[in-house]
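Q: Residues per chain, in single letters:
2 protein chains.
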Amino acid sequence: MNRVVMKYGGTSVKNIDNIKKVAKIIAKRKEQGKNVVVVVSAMGNTTDNLIDMAKQISKDKMNTRELDMLISTGEQQSIALLSMAIEAEGYKAISLTGFQADIKTTGVHTKNTIKDINTAKLEKYLDQGCIVVVAGFQGVNESGDITTLGRGGSDTTAVALAAMLDCSCEIYTDVDGVYTIDPRVYKNARKLDVISYEEMMQMSSLGAGVLETRAVQLGKQYGVPIMVALNTGMIRGTYIKELKKMEERGVTGLSMAKGVLMITVDNINYSPVDISHLFKLLATEKVNIDMISQNSQKDGLVSVSFTADDEDKYIVEKVLNKYCAEIKSAEYTIEEDIVKISLVGMGMMNQSGVASRIFGVYADSNIDFKLVTTSEISVSYAINKKDTMTIVNNLAREFNL
Amino acid sequence: MNRVVMKYGGTSVKNIDNIKKVAKIIAKRKEQGKNVVVVVSAMGNTTDNLIDMAKQISKDKMNTRELDMLISTGEQQSIALLSMAIEAEGYKAISLTGFQADIKTTGVHTKNTIKDINTAKLEKYLDQGCIVVVAGFQGVNESGDITTLGRGGSDTTAVALAAMLDCSCEIYTDVDGVYTIDPRVYKNARKLDVISYEEMMQMSSLGAGVLETRAVQLGKQYGVPIMVALNTGMIRGTYIKELKKMEERGVTGLSMAKGVLMITVDNINYSPVDISHLFKLLATEKVNIDMISQNSQKDGLVSVSFTADDEDKYIVEKVLNKYCAEIKSAEYTIEEDIVKISLVGMGMMNQSGVASRIFGVYADSNIDFKLVTTSEISVSYAINKKDTMTIVNNLAREFNL
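In order, the protein sequence lines correspond to chains A and B.
One point on numbering: in our numbering, the residue at position 200 of the first sequence is 202, and numbering is uninterrupted.
One point on numbering: in our numbering, the residue at position 20 of the second sequence is 22, and numbering is uninterrupted.
A hint or two may mislead.
If chains are identical, the list can't say which one is meant, so a pair holds when it fits in one copy or spans any two.
List time: in silico DSS-like cross-link candidates among lysine-lysine, alpha-carbon distance up to 25 angstroms [to be verified]:
(1) LYS106 / LYS126
(2) LYS32 / LYS61
(3) LYS57 / LYS113
(4) LYS388 / LYS189
(5) LYS94 / LYS63
(6) LYS16 / LYS61
(7) LYS57 / LYS22
(8) LYS123 / LYS106
(9) LYS26 / LYS61
(10) LYS61 / LYS23
(11) LYS16 / LYS57
(12) LYS387 / LYS372
(13) LYS22 / LYS63
(14) LYS193 / LYS260
(15) LYS26 / LYS57
(16) LYS94 / LYS61
If you are wondering where the hints come from, they were derived from the structure by calculation, not from laboratory data.
Model the full assembly from the supplied sequences, consistent with the hints where possible.
A: Here is the structure:
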């Protein structure tokens, strides 16, 4: 049962040289006595290039079953090439597509979720001493159609396989671990040795970008220890696991999401029906709403503010025009160039005073925030983009990030 | 049962524009009331590019299971893109990989043969009104591994599907039919309206290059009418079918194979053991021998001549050196730049005098041939490359090709 799942993303296998490098690291791991399952993504820009080809054919409504058929070839190529490269290192390797690895999925094409994995075939090959190279990001649905799991799907494949094989999962990537703050933004950020699943989920969903939230969630659910580390295999990375009480910190990290829109709708007559109508219209158009607040104005009018992704700007405007045509009194404004800053930490729920320290930093920095929302382990602020670096530096100093 | 299988090769779908053009032709066929199954190859140079990538990793002994895994992605991409293009024309389409189309194969990787096809799934989609787009060249073996069928494999897929679906098979390509002689070599060649399976097999295997021999063989075995036509769908092509006696011609066509080596081994003591030893050594090294002749020399010595593909020159030399080291008296010569000219016709077996007319043309042309072999429906001559055009012109005139 001395097994491990190692996952390499598209950047790690972007060309033949990189594939050879990765093969050497994997071979070394096998030499050290591990039974290795590798999960790999498509090489570099392969997926994007395939999508571009599809777009040249289907402009408006793309057939997503065929899109899955098309883009799943990217991983199929990388598993074959990586298996060859591992064999060139002198170890037996065998590649398996999502279909062959019996990764059963369900849902809508291009956004399937894993329903079940039958690892019998995979374990048979492991028992024969093979390094098994599995295509990430893909599976097969009830109809026998090839499916894909959406952005970050290879992480999910890796953690799901580790869950079924009862072993740990190592995610190799182009960063050497999880940092208190994105080191590209704040160069004095510290690398974390450990982080809890919950904190990592908040960091992922709030824009830290290291690991897909679904993968972390699955790791938590099945108790899979996950390590995020640099793809050269030289440096110890960050472990994601269940933390003991005493390991909890007040604030573990700061994450930020750029490209946020902030929308304010004023002068709505206070009525739960009118307010819920707004969010129903947005939901119908599949606009993802993030932070929400509601404020009373005078004369029984209320104002509602929320944030959305700026990629949805056009559709948001469409919805708001419709809403304001129906609710005559209402008026909207959209602010662009908003950034969402979040502080995350398991200790927040137990340590009083964290929130007040954060508000203190904002006050001392003389920075206005437009919205604030809290969860048990995070506090998020929507601010103007121009204030980002000031507040990041000041929060980092206050919480020693 | 108003079905047809249409097959498009890699040149016909070499880029997005060509895929769109092919989709329009297919859509038109459906509009005319046909239930259409399409078999398609990988786009343009895709397969070669993938093989090049594999060669950068595995120099000597390539893992052919992984090579099949890799190169089968080429067709998977083209079926997805072609299905999207057909849908853009307003018709329902669905793509199936070899695995999904239940094309069961057997043999060694990269050279599998089709064992069986279960068309239940395919027919279900046809019944639903879909145009079914099947990946050529690939299938799945007993172990569930993805396999490929070797060069020209998509033709075989198409004819095999037509056989199982009990319909005709149309092979669309970059030539508008089968000619009496390759029109790139002899510009006055005539396009044939019909040709028999046997003649086509001889023409294919002798180097006419329009259609894979295995596909024609399969067509004959299952009585599948095959049409070879231009991929623009505008011009009537050539039908390959069982000919009635009265349709038989003395000489139907002339095919030629370039890149032939002619090997002569002199001074072998006449002994069936010594002669068969030579061919055993060649077979062990997997050298394909084509024409063979044996001549007596004086003093009980014999001379053996045979032709081989010049790609095998190095290995042929290795074998001959070994043989001549064992059989001390033997000496060999290798002639390069040999061309094999073959005349093919179902009528040859019934019409006397064809052979003598051919010999007459050689005599009148003052051209030496080095070897001659005959089958029931063909006569082949090995000649010097420099004599090719003279003899092609003179034979064409004699037999009105």
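Q: I want to check one pair: LYS193 and LYS260. Are their C-alpha atoms no more than 25 angstroms apart within a copy, between two copies, both, or neither?
A: within (22 angstroms within a copy, 66 angstroms between copies)
Q: One pair to classify: LYS123 and LYS106, alpha carbons no more than 25 angstroms apart. Within, between, both, or neither?
A: Both: 14 angstroms inside a chain and 19 angstroms across chains, each within 25 angstroms.
Q: Please work out whether the CA atoms of LYS94 and LYS63 approach to 25 angstroms or closer within one copy, between two copies, in both situations, or in neither?
A: between (44 angstroms within a copy, 13 angstroms between copies)
Q: Can you tell me if LYS94 and LYS61 fall within 25 angstroms by alpha carbon in one copy, between copies, both or neither?
A: For LYS94 and LYS61, the Cα distance is within 25 angstroms only across copies (16 angstroms; inside one copy 44 angstroms).
Q: State whether the alpha carbon distance between LYS16 and LYS57 is at most 25 angstroms within one copy, between copies, both, or neither.
A: both (23 angstroms within a copy, 17 angstroms between copies)
Q: Checking LYS22 and LYS63: alpha-carbon separation at most 25 angstroms within a copy, between copies, both or neither?
A: between (39 angstroms within a copy, 16 angstroms between copies)
Q: I want to check one pair: LYS32 and LYS61. Are their C-alpha atoms no more than 25 angstroms apart within a copy, between two copies, both, or neither?
A: between (46 angstroms within a copy, 23 angstroms between copies)
Q: Between the shortest in-copy and the shortest cross-copy C-alpha distance, which are at most 25 angstroms for LYS57 and LYS22: within, between, both, or neither?
A: between (32 angstroms within a copy, 13 angstroms between copies)
Q: Should LYS387 paired with LYS372 be assigned to within, between, both, or neither, using CA atoms and 25 angstroms as the limit?
A: Answer is within: at 12 angstroms inside a copy they meet the 25 angstroms cutoff, but 85 angstroms across does not.
Q: Using 25 angstroms as the alpha-carbon threshold, which applies to LYS106 and LYS126: within, between, both, or neither?
A: both (18 angstroms within a copy, 23 angstroms between copies)
Q: Should LYS26 paired with LYS57 be assigned to within, between, both, or neither, using CA atoms and 25 angstroms as the limit?
A: between (37 angstroms within a copy, 18 angstroms between copies)
Q: Taking 25 angstroms as the upper bound on the Cα-Cα distance, should LYS16 and LYS61 be classified as within, between, both, or neither?
A: Between. Shortest inter-copy distance 20 angstroms satisfies the 25 angstroms Cα cut-off; intra-copy 28 angstroms does not.
In the structure shown, no violation is registered for any of the earlier numbered hints.
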